Every structure is written in C-alpha cells, then in structure tokens.
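Number of protein chains: 4
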Amino acid sequence: MNKVRIGSTGLGRLGLRHAENVVSRINGAELTALCDVDKPMLEQTADRLGVKYRFTAFRDMISRKDVDAVILASPSALHTGQIKAALDAGKHVFSEKPLGVNVAECKDAEKAVESHPRLVFMLGFMRRFDESYRYAHDKVIAGEIGKPILFRAYSQDPEKFIAGSIAFGPHSGGEFLDMAVHDIDLARWFAGGEPETVYAIGGCYAHPEFAGWKDGDNVSCLMKFKNETMVFLFAGRTAPHGYNVETEIIGTKGILRIASVPQKNLVEVLDEHGVRKECSENFLERFDAAYVNEIQEFVDCIREGRKPEVTVYDGTRVSEIAYTCKAAFEQGILIKF
Amino acid sequence: MNKVRIGSTGLGRLGLRHAENVVSRINGAELTALCDVDKPMLEQTADRLGVKYRFTAFRDMISRKDVDAVILASPSALHTGQIKAALDAGKHVFSEKPLGVNVAECKDAEKAVESHPRLVFMLGFMRRFDESYRYAHDKVIAGEIGKPILFRAYSQDPEKFIAGSIAFGPHSGGEFLDMAVHDIDLARWFAGGEPETVYAIGGCYAHPEFAGWKDGDNVSCLMKFKNETMVFLFAGRTAPHGYNVETEIIGTKGILRIASVPQKNLVEVLDEHGVRKECSENFLERFDAAYVNEIQEFVDCIREGRKPEVTVYDGTRVSEIAYTCKAAFEQGILIKF
Amino acid sequence: MNKVRIGSTGLGRLGLRHAENVVSRINGAELTALCDVDKPMLEQTADRLGVKYRFTAFRDMISRKDVDAVILASPSALHTGQIKAALDAGKHVFSEKPLGVNVAECKDAEKAVESHPRLVFMLGFMRRFDESYRYAHDKVIAGEIGKPILFRAYSQDPEKFIAGSIAFGPHSGGEFLDMAVHDIDLARWFAGGEPETVYAIGGCYAHPEFAGWKDGDNVSCLMKFKNETMVFLFAGRTAPHGYNVETEIIGTKGILRIASVPQKNLVEVLDEHGVRKECSENFLERFDAAYVNEIQEFVDCIREGRKPEVTVYDGTRVSEIAYTCKAAFEQGILIKF
Amino acid sequence: MNKVRIGSTGLGRLGLRHAENVVSRINGAELTALCDVDKPMLEQTADRLGVKYRFTAFRDMISRKDVDAVILASPSALHTGQIKAALDAGKHVFSEKPLGVNVAECKDAEKAVESHPRLVFMLGFMRRFDESYRYAHDKVIAGEIGKPILFRAYSQDPEKFIAGSIAFGPHSGGEFLDMAVHDIDLARWFAGGEPETVYAIGGCYAHPEFAGWKDGDNVSCLMKFKNETMVFLFAGRTAPHGYNVETEIIGTKGILRIASVPQKNLVEVLDEHGVRKECSENFLERFDAAYVNEIQEFVDCIREGRKPEVTVYDGTRVSEIAYTCKAAFEQGILIKF
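Chains as they are written, first to last, in my numbering: chain A, 1 to 337; chain B, 1 to 337; chain C, 1 to 337; chain D, 1 to 337.
With the rest of the complex left out, here is chain A:
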C-alpha cells in the first residue's frame, strides 16, 4: 500500500515531536503538510523537515486531496471542530486529548466518528503504548496479579516548569482534565470497569495562582469502581525531582509498580548526595517511544483497515469522569456517577 500522507496541525512541543516522528521514525507514512498560526515557526519547521505544504488555516489543509490523515496537536478548544471537519473531509484523524472541552463537545465528536465508519479515529492516550505499561497490562490480563484491589496513579510535573504551568493554567481545564485524564484512562484499562463514586480534594500548597481558576497546584481523588476496585489518583505541578508518572496496581495475588522511580536512564550516580538515579525531565523524554508507537499504530490501522483499541467512547467516558472529579473537587463533595 502507498504511504499514508499526513498533515499535522499545531507546532507546540508535542505537535513538533509528532511532526518529527512522522518524518524520521514512522514507517508507512510521510509528512505532507503542516499547519500552524505562527507562520515563521511553520515555515522554519517545514523547511527543516522537508514538508511540501504549509497552511495557517486548518480548513485549507484538509481540503487537499493528497492528505490522507491528520494529526491534531492544536489547542484543546479547537479539537472537536477539527475532528468533525477533518472526518467530513474524509481524513483519518489522530487527536491529542481531550475530545472536547465539555461533555457535549465529546458527544458531537462521537457522532462525527459514527458518521464515518470507514475512517480511523484515534485519541492520544500514549501511555498505553509505553512498553512498561503494556507489559504490566499483559500481566494483569493474564491474571498474574489476581483481582485488582487498588489502582494508584501519580502524574506530576516538575516544579521547575511551574512558570509554564501557571501561564497555561487558566486554559488547562484544571489538573483533573489536564493531567489526570491519562490516569483515568489507565484506571479503566487496568481495572476494567467504571467509577461509581468519587471524592476529590487538593489545594494551592506552593502557588496561590491556581486558586484563581478554581484549580489547585496539587489535587487528588478517591474513586470506588463498580467492580469494587479502589482508585486513588494524585496530580501535581510541583514535583521536586522531575517528571513523575507512576502507577501501582495492587492485586489479590501480586502487585505491579510502573516507574516508581522516574529514572532518566540506567545510570546510577554515587556521590555526596548518596546513591541516586537522575529523573526524567518531561513527558517527551519519558514517553519518547510511546509517542512513536501510538502514531505507528494509527498509521498501521489506516493501512491495514483496522480500528484502534481505544474508541471515541473511551474518550468521552474519560472526559466525563474527569469533569466529575473536577466538580467533586470544586464543590468539596462526594459524587455518585
């Protein structure tokens, strides 16, 4: 089959990485078009990566016949509209989370996907494509840890990037939507069920700015799933040691921990600070391979006529749960789903 011709929109850090990956690390695809409102950035990147078509308007990009698929790494508020437009234009769509900035938007996205059953739609839950998460999930499915009792997940951004977190904060949707969504996806994936109740708390422990948009710099929630699994999520912006994404699944027969030390690599340093592992700086470093794997899967699905494991409904469900966590946090109440 011919190579999948991809047009990618959004040249923030992650969009840029996706573009670079398509050019140099993805098989069966080529980067045909780039789109961004920042024209100099667009031209410079397109030149560097050898991309033919450049657009400042998404609508123009999807009107091209020689673009088969799009990658959406644009601001969250644009996602639903771009998903619909691209599908309607006959393009396969890979979208970064979230599906939409509220549940109604997610439902719109669902309808668009349903209207185009031949097109591949995939949401960027990249952690499922990390080899360690995959390995752990295989063990859970194989029954090696028995029945899941507690699913615990931390998602922490480093304190040293706090200025960026604060600047982006008002547009982030809050920590449950911005950060915990990945953990909510993992919770459903590992525990195989849906939440029944949630209680959420948190606050501004170091940076009062977050209170301005009803968020905290660190938050957590405890959910009970219908299948009895307990789920504890913690999301924070002030990790002192680096980018920390760790997950634990306690089962009746075994326990799995993924990345409880967010080690940068296999080097251990012994010096005046003790015996230590240096840590991952950010999501691009930690999930470097996962970002490749997910786009490869998107391309393979297109070429092989398959559909991805994660559906648009998963995207909606994760958003619904995140919004419920956010509501529980903002109102300080226990919510039953």
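In short, the hints are calculated from the structure, not lab data.
No experiment lies behind these values; they were computed from the predicted model shown.
Careful, some of the hints might be misleading.
Straight-line alpha carbon distances no greater than 30 Å define the calculated DSSO-like cross-link-like pairs of lysine-lysine that follow [claimed, not checked]:
#  : chain 1 : residue 1 : chain 2 : residue 2
1  : C       : Lys97     : C       : Lys84
2  : B       : Lys52     : D       : Lys52
3  : A       : Lys107    : A       : Lys336
4  : B       : Lys3      : D       : Lys3
5  : D       : Lys264    : A       : Lys160
6  : D       : Lys139    : A       : Lys253
7  : D       : Lys160    : B       : Lys253
8  : A       : Lys336    : B       : Lys214
9  : D       : Lys139    : C       : Lys160
10 : A       : Lys253    : D       : Lys160
11 : C       : Lys160    : B       : Lys264
12 : C       : Lys264    : D       : Lys253
13 : C       : Lys226    : D       : Lys336
14 : C       : Lys307    : C       : Lys107
15 : B       : Lys214    : B       : Lys336
16 : B       : Lys97     : B       : Lys214
17 : C       : Lys84     : C       : Lys52
18 : C       : Lys264    : C       : Lys97
19 : A       : Lys97     : A       : Lys65
20 : A       : Lys97     : A       : Lys336
21 : A       : Lys160    : B       : Lys253
22 : D       : Lys253    : C       : Lys160
Partner residues aside, some chain C positions facing chain A, computed with beta carbon under 8 Å [unchecked claim]:
#  : residue
23 : Val103
24 : Glu131
25 : Ala136
26 : Ile255
27 : Val269
Label-pair ranges, simulated between beta-carbon atoms [what the hints assert, rightly or not]:
#  : chain 1 : residue 1 : chain 2 : residue 2 : range
28 : A       : His171    : B       : Leu284    : 28 to 36 Å
29 : C       : Lys253    : A       : Glu285    : 23 to 31 Å
30 : A       : Glu285    : D       : Arg306    : 58 to 66 Å
31 : B       : Gln331    : A       : His171    : 35 to 43 Å
32 : A       : Asp138    : B       : Thr56     : 27 to 35 Å
Note that beta-carbon positions come from the ideal geometry of N, C-alpha and C, so glycine has one too.
Starting from the known structure of chain A, fit chains B, C and D onto it as the hints suggest.
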C-alpha cells in the same frame, strides 16, 4: 536510680516480645512479674526468662509494691480497665493501642491519666521509634521537604497469615482500628494537623469472611486535613510479598519515602525470578528495634521524671479518627469531623 | 542527498536485526541487497523485508554499482576478507566485531582502510551508542567523577542459553574475544588509556565442555592501565537472572554504575518472591536502541562525509588486548603489554 | 552462671563503642575495668559508664582476680603481647584484628591460645555477625547459589575522613592489612577455600601521601582460590558517597549482593538530586548491631563453655594472605601462595 521493676501482662506474640526485650535488651529495668490467663504458658515463659512473680489475675500483679510499672499487651477490650486500675495502684503504664474499644473508654483513660500526673503513661505507637521514621520526621520538622502536600501510608499484612487475620477479625475492630491507627498517628505526626473530612471505601477482594463483621480485606480512605494536607491511607490483609508498611510524604520541596521496599535485610538476590529483595515477614521483624526503643523510652521517662512525646490525648484522637473512618466506610459516606 | 543503498550480509540474529532496522528504523538509507549462504532463509527474509537483490556470494553483492555500503554480520573468520573486498569495491563498510581472528588480520584490515580514505569504515561497538553509556561517558568527560580509579565491567550471558554457548564455543575465540571485547573497548573509552599489565583467571564452574577449547564458562582479568586506572573485567556464560551487562567507573569524586540491575523495563513486581525487577533476556533486547543508533551514525557519516569516532586502530587495539588477556588466562601468568 | 566481668583496653572509637555496648547492650556481662593511656579520657569514660576499676597499664588490669575476660581495642602493635599476657593471666580474650603485625607474631598468638585450651579466644571479624552477611552465608551453605564462581568485595572509607586516613596511614600497615582483611576473611568464609595466586595493583589517585609508606589510596587484587573461585577485592580511602562495604557472590545458580547500596536507613529522598538513598557514614553506623552480636557471642561462649566459630588459625591465615597481597602490590608481581 534503681532499676524499674516491670510487670507485663499478655503473652501473645507482642507481649512475649516485650517481656523478652525487658529481660535482655532494656537498660535500667527488670522484669519482675508476668501475668497471663494461660497458666502453662505463663509458667513456662516465666521460668525461661527467670521472672519471679507470676499472676493469672492482673489485679494481683498490680497489688505488689515491688512492681513499679506495667506493660499492657492484653486483649484490646481490657485496656481501659487495666490502665485505670494500674494507675490507681500507683504504677506507670505502657499500653499497647488502643486506649479503649470506643471513644468513651478513651475519655475514661484520659481522666485516669489526668488524675495521676506524677505517673508516666505511654501508648505503643512504636513506629515513631523506628530509626527510619524518626530520620524522616527530623527532615520534615527541619523543613527539608517544605510544606506537606500528600501523606500516603500503606499497612499490609501478608496473605500467608490470612487464616489468623480471619480468626481474629471479628475482635479486631476492623482494619481502620486494627491497622490504620498507626498510620493515623503518623499522619498527625508528620502533617502536624487534624482531619477535616474523610471518605472511605473498600471491600472483600479475596476473602468474603470479612464482610461478616462489616469489614473488608482491603480498605482505604482519603482525608483532607484542616491544614490542607491530603492524607491517603490503605490497609490490607492480602499482601502477596510480605509485611508491608510504607509511607510517603510529598512536600513542596522534597519527597520522602519510608520503606517503599519492605526489605528483610541488605541482601539482594539475582536468580531466575530477576533481581529481588526478600521481604519482612511480620511486624516483629520489621519493627524489632522500634519495640526495644519505645520500652527504653518508657523506662527512661520513669527514671528521668519525664513524660513521653505522645500523650493520652493523642491516643483518644487517633481512636476518634479511626472510628470516623470506620463509620465512613460502613455507611459509604463522606464525613466531616 | 540520496538514500544510502545498503547490502547486508549474514542473517544470524544480529544480522537479521540490522536488516530489519535498516528497513524500518534508519533514516536516509534503504536495504537494497541481502546476502547469506542459507538460500531459503535469504529468500524468505528478502521477501518479507521487500529487498530487491539477493546473493549467496558476498563478492556478487559488492560487484553491484547500486550498493553504496555494506553491513557485515557474517562469521568472524570472514570479516577481514570481506572488509578488504568491500572497500576495494568502493563500498562503505560497517563490520561487526572482530576486525579479524588474529592480530595479523586486524593489521590487514587497517591497511585496507588506510588505502581508501574516502570510505567510511565503522566497527560495531554498539555499547557506545546506548543512551546510558553515552550519558555516563559525558559525565566522565565533563570531569564529574574526577580521575578514574577503577573500571569494572561484567558481561554475562544467561545460563538458559548455555546450549547455544557450548555449540558456538569452539568458534567463539573464547570469552575474552567473544564477550570481553566490548568491555575492553569501554575500558579504553572511559579510562582514556592503554593497559600495561594483565592477569587473567577463570574456569569451568558448571560446564566442563569449555575446557575442551581452553576456555572457561566464567573468566576474569585484572589490568593496570598506564594511566594507573585499575580495570577488572568479568565474563560469564551462566548468569542465573538474564543477560547482564553492567559497568562501574569509580572516580575520585564520584562513581557511576550503568545497568547494575539489568531491568527489562520499568515494571517492578511484588509477589511471593519479594520485590523484584525482571531482567533483559539477551543483547537484542538490552541494546535494541543502540543497534539502531550505531547504524544511523554509520549512514549519517556516509551522507555527511564524516568519519566515526571509533577507528580501525581501536578495533586492532581491542583485539590485541583481548588476545593478551586470553594468553594470560591460558598460561596462568601475568603479562606486561 | 554469674556475669562475665570484662576489662576493656583502648578507648579509640571502636574501643569506646565496645565499652558502651558491654554496659548497655550485652547480656550476661558487666564492664568491670577500663584501661587506656589517656588518663583524663579514661576517668571521664569510666565515670560516665559507671566502671569501678581504671588502669593506665594493661598488666595491672589483668592482674585483678575479678576480671574474667578482656577486650583488646588497643593499637595493633600491642595485640600479640596483650593476647599472650591476658591468656597467661587466665583471662578470656576478645581481640580486634590483627592478631599481630607480622606473621611471626600471629604464630606466637597461636601458641598462646593453644597453651590455654580452656580459655575462649575470639578475633573481631564482626562482619560475620551482621545479619545480612549471615543471611547470605546461610543461603550459600544451603546451596542456593550453587558453586561460587566469583567473590567480589569492596571496602571503602569516605573521602571526607581522608585527613584521618592519612594521619593514621603510616601505622595502618597499608590497605590490604587495614581494610581488606575483613574481605579476606569473608572470601574464605563464603568460598570455603584458600588462595593459590594473587596479583595486586593500585595507586595514589587523589592523595600522593600514601605513596610515602608504599601504600595507595585505592588498591585492588585478583586471587584465584585452590577451589577455583575467583576473588576480586577493592579497598579505597576516597569513597565520595559514604562508608561503602559491599560484597557479591556469583554462583552457578544464583547471585547474592550484600549492601550494594550502603543505605543509612529505609528512607528514600526525592528531590532536585533525583531519587536517592543517603549512605552510612562509617563502620560504627553500618555495623552497629554486628559489634553487639560479636561481643554477645564472646560472652555466650564463655558462659556456655563453647568456642567461637572463628579460630586463631583463621586470624593467622587472613594475615598471611593480606601480607602476600601487600607484597604483590609493592613489588608489582604475581605471587603463588
């Protein structure tokens, strides 16, 4: 000063350990008397340890003038009564937790302690005497981790002792009272505050028996403290790997983890199972030194006319919180303190 | 620039991996030709990978004008001859170690490389392309650990592959040549010097077969480098836990350990065996990325007109040292270089 | 049986610790007498510990009838003489290593011990009394790791105490005698054999002072034992991270590592330096319990009429091996035992 003459009651596993420790590992004390309803066990132990006086009735033991202090390692239901009787008989008292089997009993114990201001009363929160917990606490107090954001604690008994857990279950008070109390004490000690709300969940994931007395084999709770610290506690009876007591304090400037691997010792084994650390079997192994340190502190307090750091009010407070967790769990509700 | 057209010879495990990598993970190159004496294997692989030209004779492959470069993953005894023939045919050459099966052959290879100064020649010391080794090396060069005192390296194959090790044993050249060469390369790279003396020992601890060709199933050597660095190397065929390649550099100001736990991934398992990390199975798993990185560097050198960091002289030097270790081991003596 | 009345000589750091341990942590013994040439230190310590008899002359201490046993923590040069004198005076003897400052002295000590078969003589190889070493040794004896292939041991003092190491250096006997003796003892204990050859190297990597007395600041040796076990020892004075005593035994069926991270306790710190364990400061911290256990064993042997596992001949043998390592190091040669 003369040696403190100790009478110890209760010859279960922990009571036996206390008795042995007084005989061979505590300075400034001697084991003068032992008390237990199991006469053969009593005689055999007293013979082995060279203890002069043996009693099957607690009241007889505390009537002796040559007993200065008592250690209570008796069934929980006897604690309050024995505390009062011993104090009234002029004895210093070291009691295993809990103070009483309900808050009213705890209040009675408080009054008894208040009535005897010259006597030393101490409750067995041995974790505070573990060198690792102590070391971590010193760092927190010194401000090395900044403001505490999240306090997370696990207390897990090994699955291989589940038969004992089930047999003892109906009398245990449930996991919050039986296991999580130590974590509640640590939470207050590390976070320096009091809970404002609690939500608790759990279930019987492997052993339906626990439902018979409204308990779970694994439970958890999420509390918000008045000082904003988030507190997540998990207690379980089915740990596959050993006796697991781990604690994490996430602060704004640093994070501390205590015993996140419950290693038996410093030996690492590399074999067909990978690279591994074998785990502690039980509380006596994990807290071996802490059990010595706490009794030594009790004896030193008596000899030096000091009072222990933990007061009877801490005992009551911990019980109140544990009962509230239990209520939240049993009713499936969010409770405000 | 046009893509580098690569012909690869040898379809053993590593040769196969190189071929697959060129097809799907290397930028700026294409796999134009494959060569192997096993015709069915050759055809099947070429079909699967979509390779146009297939050869059973290396000479035929290098006679094609539309092959720019070759990868040699053939039996060691063929290396020198193929290096010379390929260079004489005007092809860039990437060769797996060793340069030759004795020092005279290495010198022949040197001459061939010297005769073709415009061609890129590169030897497969892949560990230098592993991100952890690279990271550690950067620290050493930056002076972060001060002056190197001791360089310690282990290379261990898993016991579970012992049948293969024994079958291949008589042709392996012995453990110093077959396994320790990578560590010898690393020792020179990290310590920045040359050996002055070597003492080597070892034996057949589990498998007497190795004695048949004057080898051991586990061997070690202690070298003093001219710059004073101590170098301890250990190579074994009987690792109980997996494929173990670990390295330690003790310096006057810091110590670095690379992969002292040969963890398969970031998953930690807690079960009846304790708290454990599962281990890498083999070199293809451990050095997966390094095998890509080194071929990418080879291709980039060709396209950018650069020469690789490792020279043919390094290849000779490593072989000389390995042969000296082997002699010290076989004769049970201390050898001065 | 009555308490063993102990007289202890030498109030350096270790002697002081032994004295304190006898007073407060050893059962069945009392500290009756102290001896040291530093009279103010002697009086102050004896007052603090409540010791009745104080001596500045060892001969006077052993002339007392009410001293049953002595602990020798005096300078090495005095050991042999004090061992002989104490045994001739009918005292049980616990001596710190070494038996003597040359092999002839060790042989004298042997004769003295042989002349007093009823008296207990014990040498301070405290590592055998560390619970982790003991646990590992039990596994080796039980055959859990199969046949020992490689025994590797590091003994490293922290750089931060280098001033003391240099001041004491000329009297230390060099690193093999001062530090590696403990590892030589462990090598024989774990490998169950005797060395056949040794090659030793090293140098002054940070502190040229050590060359003044033919020592290095870091040294190593490789020995082949008669039973084929390879033994690699490394001793250094410049550890950047703390007091590091680690040991590895690679067997045909399993590998054991003892204290490969010299962790101070069970606290893990996550901060700007990464995820780290702080390290032991010195031997008193690392082997705190072992120092108690060995004296307890000495006392128990006396009270129970037993002899310790380690004999005087082990002491001589370890010294002979250390002197041979030292000779190999000084002359730069391979030595056959």
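Structure-based check of each hint:
no.: 1; hint: C:Lys97 with C:Lys84; in the structure: 15 Å, holds
no.: 2; hint: B:Lys52 with D:Lys52; in the structure: 29 Å, holds
no.: 3; hint: A:Lys107 with A:Lys336; in the structure: 21 Å, holds
no.: 4; hint: B:Lys3 with D:Lys3; in the structure: 17 Å, holds
no.: 5; hint: D:Lys264 with A:Lys160; in the structure: 29 Å, holds
no.: 6; hint: D:Lys139 with A:Lys253; in the structure: 26 Å, holds
no.: 7; hint: D:Lys160 with B:Lys253; in the structure: 27 Å, holds
no.: 8; hint: A:Lys336 with B:Lys214; in the structure: 21 Å, holds
no.: 9; hint: D:Lys139 with C:Lys160; in the structure: 22 Å, holds
no.: 10; hint: A:Lys253 with D:Lys160; in the structure: 46 Å, violated
no.: 11; hint: C:Lys160 with B:Lys264; in the structure: 29 Å, holds
no.: 12; hint: C:Lys264 with D:Lys253; in the structure: 20 Å, holds
no.: 13; hint: C:Lys226 with D:Lys336; in the structure: 24 Å, holds
no.: 14; hint: C:Lys307 with C:Lys107; in the structure: 19 Å, holds
no.: 15; hint: B:Lys214 with B:Lys336; in the structure: 21 Å, holds
no.: 16; hint: B:Lys97 with B:Lys214; in the structure: 21 Å, holds
no.: 17; hint: C:Lys84 with C:Lys52; in the structure: 25 Å, holds
no.: 18; hint: C:Lys264 with C:Lys97; in the structure: 25 Å, holds
no.: 19; hint: A:Lys97 with A:Lys65; in the structure: 26 Å, holds
no.: 20; hint: A:Lys97 with A:Lys336; in the structure: 25 Å, holds
no.: 21; hint: A:Lys160 with B:Lys253; in the structure: 11 Å, holds
no.: 22; hint: D:Lys253 with C:Lys160; in the structure: 11 Å, holds
no.: 23; hint: Val103; in the structure: 33 Å, violated
no.: 24; hint: Glu131; in the structure: 5 Å, holds
no.: 25; hint: Ala136; in the structure: 5 Å, holds
no.: 26; hint: Ile255; in the structure: 4 Å, holds
no.: 27; hint: Val269; in the structure: 6 Å, holds
no.: 28; hint: A:His171 with B:Leu284: 28 to 36 Å; in the structure: 54 Å, violated
no.: 29; hint: C:Lys253 with A:Glu285: 23 to 31 Å; in the structure: 26 Å, holds
no.: 30; hint: A:Glu285 with D:Arg306: 58 to 66 Å; in the structure: 60 Å, holds
no.: 31; hint: B:Gln331 with A:His171: 35 to 43 Å; in the structure: 40 Å, holds
no.: 32; hint: A:Asp138 with B:Thr56: 27 to 35 Å; in the structure: 58 Å, violated
The structure shown violates the earlier hints numbered 10, 23, 28 and 32.
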